[in-house]
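> Residues 685 to 871, numbered by the numbering used here, are exactly what the sequence shown covers, in order.
Certain hints may be false.
[As the list claims (entries may be wrong)] Result set (DSBU-like, lysine-lysine): computed pairs, CA atoms no more than 35 angstroms apart in a straight line:
id, residue 1, residue 2
1, K804, K728
2, K804, K753
3, K822, K753
4, K758, K822
5, K728, K758
6, K758, K804
7, K758, K720
8, K822, K804
9, K753, K720
10, K720, K804
11, K720, K822
12, K753, K728
13, K822, K728
[Claimed, not checked] The calculated label-pair distances, taken between Cβ atoms and stated as ranges, are:
id, residue 1, residue 2, range
14, K753, Q862, 14 to 20 angstroms
15, E705, W856, 56 to 62 angstroms
16, M790, I817, 50 to 56 angstroms
17, H739, I817, 20 to 26 angstroms
18, A767, R686, 25 to 31 angstroms
19, N803, E861, 51 to 57 angstroms
20, T855, E779, 54 to 60 angstroms
21, V712, R799, 25 to 31 angstroms
22, D783, Q862, 43 to 49 angstroms
In short, the hints are calculated from the structure, not lab data. Values in this document were obtained by computation on a predicted structure and should not be read as measured data. Note that beta-carbon positions come from the ideal geometry of N, C-alpha and C, so glycine has one too.
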Amino acid sequence: MRILGIDPGSVVCGYGVIDVEGSRMTLVEYGAIAVKRRNASFPKRLLDIHQRLRHVIDRTSPDEVAMEKVFYAKNVLSIVQLAHARGVAVLACAEHGVDPIEYTPMQVKRSVTGRGAANKEQVQLMVRSILGIEEAHKFFDATDALAVAICHAVNGGPPPPLNKKRAARTTWADFVEQNPARIVGKK
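All chains, please: the whole structure from these sequences, using the hints.
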């Protein structure tokens with residue numbers, strides 16, 4: 685199975701493609717789509733991301749796509765721009781007929797390093813170790829995208845949502861009736 689991992693971004697969008705056969709993962713390719721910000725409008729930058737990511741998808745033909753979820757940003761404009769870039773990436777995947785599966789950054793870090801609070805350097809080190817990459821890429825976004833692909837390979841899909849059933853509400857009278865041995869002084 686071939687998995688494309690995407691780390692969406694409005695300035696740098698990371699991508700990484702791995703082949704998975706059983707428990708063996710092999711690097712196909714990875715990189716970063718760094719858009720030129722100077723003299724380019726935001727819509728033109730989004731178009732650039734879309735076209736270049738689409739080229740990666742057409743070239744590598746992934747069976748599945750995994751993407752990091754948008755979770756926070758330093759300011760409102762950043763989160764809006766990141767959401768737009770993410771939308772462009774989702775569109776490129778949809779045009780190829782693949783719906784991306786999303787993982788939180790914590791899920792990705794935990795799957796790759798064993799720690800949900802790992803820093804980017806630790807994630808990069810583990811990705812390089814797992815896939816046998818000798819030199820670090822100049823953008824963390826590229827190895828982050830590979831980490832997303834590895835996360836998907838390890839988990840086979842996102843974890844199911846927690847089924848938090850609310851305990852049936854009972855009264856103190858019900859509790860006393862169901863637990864007579866816990867009542868002190870009752871005969």
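> Each hint needs a verdict: does it hold in this structure or not?
Verification of the supplied hints:
no.: 1; hint: K804 / K728; in the structure: 29 angstroms, holds
no.: 2; hint: K804 / K753; in the structure: 16 angstroms, holds
no.: 3; hint: K822 / K753; in the structure: 22 angstroms, holds
no.: 4; hint: K758 / K822; in the structure: 23 angstroms, holds
no.: 5; hint: K728 / K758; in the structure: 23 angstroms, holds
no.: 6; hint: K758 / K804; in the structure: 17 angstroms, holds
no.: 7; hint: K758 / K720; in the structure: 21 angstroms, holds
no.: 8; hint: K822 / K804; in the structure: 12 angstroms, holds
no.: 9; hint: K753 / K720; in the structure: 24 angstroms, holds
no.: 10; hint: K720 / K804; in the structure: 24 angstroms, holds
no.: 11; hint: K720 / K822; in the structure: 16 angstroms, holds
no.: 12; hint: K753 / K728; in the structure: 23 angstroms, holds
no.: 13; hint: K822 / K728; in the structure: 24 angstroms, holds
no.: 14; hint: K753 / Q862: 14 to 20 angstroms; in the structure: 43 angstroms, violated
no.: 15; hint: E705 / W856: 56 to 62 angstroms; in the structure: 59 angstroms, holds
no.: 16; hint: M790 / I817: 50 to 56 angstroms; in the structure: 23 angstroms, violated
no.: 17; hint: H739 / I817: 20 to 26 angstroms; in the structure: 22 angstroms, holds
no.: 18; hint: A767 / R686: 25 to 31 angstroms; in the structure: 27 angstroms, holds
no.: 19; hint: N803 / E861: 51 to 57 angstroms; in the structure: 54 angstroms, holds
no.: 20; hint: T855 / E779: 54 to 60 angstroms; in the structure: 57 angstroms, holds
no.: 21; hint: V712 / R799: 25 to 31 angstroms; in the structure: 27 angstroms, holds
no.: 22; hint: D783 / Q862: 43 to 49 angstroms; in the structure: 47 angstroms, holds
In this structure, the hints that do not hold are numbers 14, 16, in rising order.
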